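All chains should be modelled from the sequences, with the hints used to inform the complete structure.
Numbering (my numbering), first residue to last: 414 to 529.
Mixed in with the good hints there might be a few duds.
Said to hold, decoys possible - Below, simulated EDC-like cross-link-like pairs (lysine to aspartate or glutamate); rule was C-alpha separation at most 16 angstroms, straight line:
no. : residue 1 : residue 2
1   : K483      : E467
2   : K461      : D442
3   : K461      : D441
It is worth saying that the hints were derived from the structure and are not from the lab.
Since this is a predicted model, take the numbers as computed values, not measurements.
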Amino acid sequence: MLALLLLALLPAAAQAQATRTWASGVGDDANPCSRTAPCKTFAGAISKTAAGGEIDALDPGGYGAVTITKAITIDGSGTHASILAGGSTGVTINAPNAAVVLRDLSINGTGGGADA
Numbered sequence: 414m415l416a417l418l419l420l421a422l423l424p425a426a427a428q429a430q431a432t433r434t435w436a437s438g439v440g441d442d443a444n445p446c447s448r449t450a451p452c453k454t455f456a457g458a459i460s461k462t463a464a465g466g467e468i469d470a471l472d473p474g475g476y477g478a479v480t481i482t483k484a485i486t487i488d489g490s491g492t493h494a495s496i497l498a499g500g501s502t503g504v505t506i507n508a509p510n511a512a513v514v515l516r517d518l519s520i521n522g523t524g525g526g527a528d529a
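If you want it as structure tokens, here you go:
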């Protein structure tokens, strides 16, 4: 019985460690963040992306606030992707000695906006 439980958990663990994931304004954070079943927020996608991986935005959307705790790239190239977090910090990076790349994103949180 335990072996069956462990086997059932293996695919979920593999999805949680994807090196590339996707987000869409019409996605769902319950999805595996694949290109055909994207997450809705960068926060949902980051939890399913391996350290050193990449999250790509599929369309213009407000992807919400995100806290980054590992090496990662969030790429909004060609999509006009935004991190919209009214009343809070749009991006929090707490990843010492990790390479974090924010590419072609509009970030709007407490204190105004900036382009990454």
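Can the restraint linking K483 and E467 be considered satisfied, given a maximum Cα separation of 16 angstroms? holds, 11 angstroms
Is it true that the CA of K461 sits at most 16 angstroms from the CA of D441? Given pair K461, D441 holds - Cα atoms ~13 angstroms apart, limit 16 angstroms.
Checking one constraint from the list: CA of K461 to CA of D442, max 16 angstroms. Satisfied? holds, 10 angstroms
Comparing the model with each earlier hint shows no violations; every hint is respected.
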